[in-house]
Structure formats: structure tokens, C-alpha cells
Amino acid sequence: QKEVEQDPGPLSVPEGAIVSLNCTYSNSAFQYFMWYRQYSRKGPELLMYTYSSGNKEDGRFTAQVDKSSKYISLFIRDSQPSDSATYLCAMRTGGGNKLTFGTGTQLKVEL
Amino acid sequence: DTGVSQNPRHKITKRGQNVTFRCDPISEHNRLYWYRQTLGQGPEFLTYFQNEAQLEKSRLLSDRFSAERPKGSFSTLEIQRTEQGDSAMYLCASSVVDTSSSGNTIYFGEGSWLTVV
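Chains as they are written, first to last, in the numbering used here: chain A, 3 to 113; chain B, 10 to 126.
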């Protein structure tokens with residue numbers, strides 16, 4: 003069993019929809035949670051960074067962490083075709099230096 | 010551009026040849042990481058440097074792989090006697106320890122694609 007599970011999709015939504023992306027994890031020592039966006043054949047781009055449980059909002063993006071359920075989410079409001087990409091969740095322990103990634107969810111926002 | 014820079018972006022090599030990738034981190038970032046990503050998978054950690062010291066290596070980093078960061082600035086990743094299974098995107102990332110709540114934010118480069126034929 004992988005430490006981080008993420009539905010690979012693909013997920014297809016119409017423009018303007020609210021998108022919900024999720025990851026579950028098994029390692030209770032994870033304390034820092036990140037979402038990266040990756041366009042085809044490009045490097046991952048950091049979108050959101052949260053510490054421990056709670057919500058964090060940045061523009062159209064909201065990240066949620068529920069440590070009791072070992073579940074994290076990324077919500078995208080008013081989705082745009084330019085949001086079409088693969089979204090990777092990543093996490094690390096408090097004293098750790100390496101990120102553990104999910105497999106990524108491929109998102110397509112259609113006109 | 011002041012982001013993480015990687016060269017070459019693409020490399021096609023014959024099985025058995027050696028290849029080397031270079032990474033220039035964001036200026037003043039003292040931590041540097043190498044990850045590997047294959048199609049349909051998330052990046053997997055390979056190794057990590059703090060300044061010039063290599064502090065952690067993954068089991069994925071076989072004896073054919075070697076990474077250096079001689080002066081604590083740029084880094085190289087060399088793969089000797091390449092195999093077809095080495096075909097992947099090799100990602101470099103860098104960070105600096107931040108005492109604020111942001112912690113240790115890791116920024117990735119665009120990656121170096123390796124195809125072994």
C-alpha cells in the first residue's frame with residue numbers, strides 16, 4: 003500500500019465548475035501538506051502549502067487538511083481551461099526533508 | 010529567470026552510456042533535492058543536499074547513480090551504464106529553511122527528460 007493515495011482521474015469538468023481533488027495518506031507523522039500543479043512535460047509548480055489541520059485560501063484555490071481522517075483536499079472555484087493540468091498532492095514529516103507525492107490527478111476543464 | 014534551472018532539458022542516449030544532468034538552484038537556497046518521475050506517477054525522492062553535504066539517499070539511488078554538489082551551489086546527477094529503466098524525468102528542487110510558519114518550501118525546476126534506447 004502506498005503512503006499517499008490519489009485518484010489518477012482523468013477528471014473532466016465544464017468551465018466555471020467547482021473542482022474537488024483529494025488525497026488520503028497513511029503516515030500519521032506527516033505534518034506539512036502541499037499541492038503542486040504540473041503541466042505536460044513541465045516541472046511541478048507549488049500552488050498551496052499548509053501546516054497541520056485546517057483550511058487555507060488563496061484566490062480561487064482552497065486547501066483543506068483533516069489529520070484525524072488523514073485526508074487532504076484542494077478546491078478550485080470558477081475553474082478555467084488554463085487549470086487543465088495534473089494536480090499532485092505532496093506531504094512530509096515535521097523533521098523530514100523529502101516529499102512523498104501522490105500519483106497525481108489529471109484535470110481537464112472544458113469550454 | 011531566477012527559478013531552478015536544469016540542463017539539458019532532453020537527453021537521448023544509448024543503453025550503456027553515461028549521462029550527466031546539471032541543476033542550478035534558486036540563489037541562496039542551501040537545500041537541493043533530486044527526484045525522478047515516470048509517466049503517470051508522482052515524483053520520487055532520490056537524494057538531498059544541505060550546502061555541499063549529501064545528507065540523505067533513497068534506496069532508489071543505485072550504485073550507478075551519483076550526485077554531487079561540490080561548492081554548495083550547483084549540483085550534478087550522473088547515471089553510469091544507463092538502462093532502459095532509467096528513462097524518466099529527473100527533477101531538481103531547492104529550498105531554504107524558513108523560520109516562519111511557511112517552513113521549508115520546495116521549488117522544482119522544469120526537469121530533464123532522459124530516454125534510453
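Read the hints as simulated data drawn from the structure, not as lab findings. Mixed in with the good hints there might be a few duds.
In silico SDA-like cross-links for lysine to any residue, where the CA-CA straight-line distance does not exceed 20 Å [as the list claims (entries may be wrong)]:
#, chain 1, residue 1, chain 2, residue 2
1, B, Lys66, A, Lys44
2, A, Lys44, B, Glu119
3, A, Lys110, A, Gln33
4, A, Lys72, A, Lys110
5, A, Lys100, B, Leu69
Footprint (simulated), chain B over chain A, 3 or more residues, beta carbon under 8 Å [to be verified]:
#, stretch
6, 62–68
7, 103–110
These figures come from a predicted structure and were not determined experimentally. The C-beta atom is built at its ideal place from N, Cα and C for all residues, glycine as well.
Exercise for the section: Given the hint that Lys72(A) pairs with Lys110(A), test it: the Cα-Cα distance must not exceed 20 Å. Expected result: Between Lys72(A) and Lys110(A) the Cα gap is close to 26 Å, so the pair fails against 20 Å, i.e. violated.
Practice task
Decide if the proposed pair is consistent with the structure: Lys110(A) and Gln33(A), CA atoms, cutoff 20 Å inclusive.
Solution key: Violated: Lys110(A) and Gln33(A) sit about 30 Å apart, past 20 Å.
Problem - Stated coverage of the stretch 62–68 of chain A by chain B [criterion: 3+ residues, CB within 8 Å] - result: Per the Cβ count (0), the hint is violated.
Problem - Hinted pair Lys66(B) and Lys44(A), Cα distance within 20 Å - result: 24 Å, violated
Practice task
Could you grab the alpha-carbon distance between Lys100(A) and Leu69(B) and see if it respects the 20 Å cut-off?
Solution key: 13 Å, holds
Problem - Whether chain B covers the stretch 103–110 of chain A (at least 3 residues having a Cβ closer than 8 Å to its Cβ atoms) - result: Coverage by chain B holds for the stretch 103–110 of chain A (4 residues, Cβ < 8 Å).
Practice task
Please work out if Lys44(A) and Glu119(B) have their alpha carbons no farther apart than 20 Å.
Solution key: Cα-Cα ~5 Å, so holds.
The structure shown violates the earlier hints numbered 1, 3, 4 and 6.
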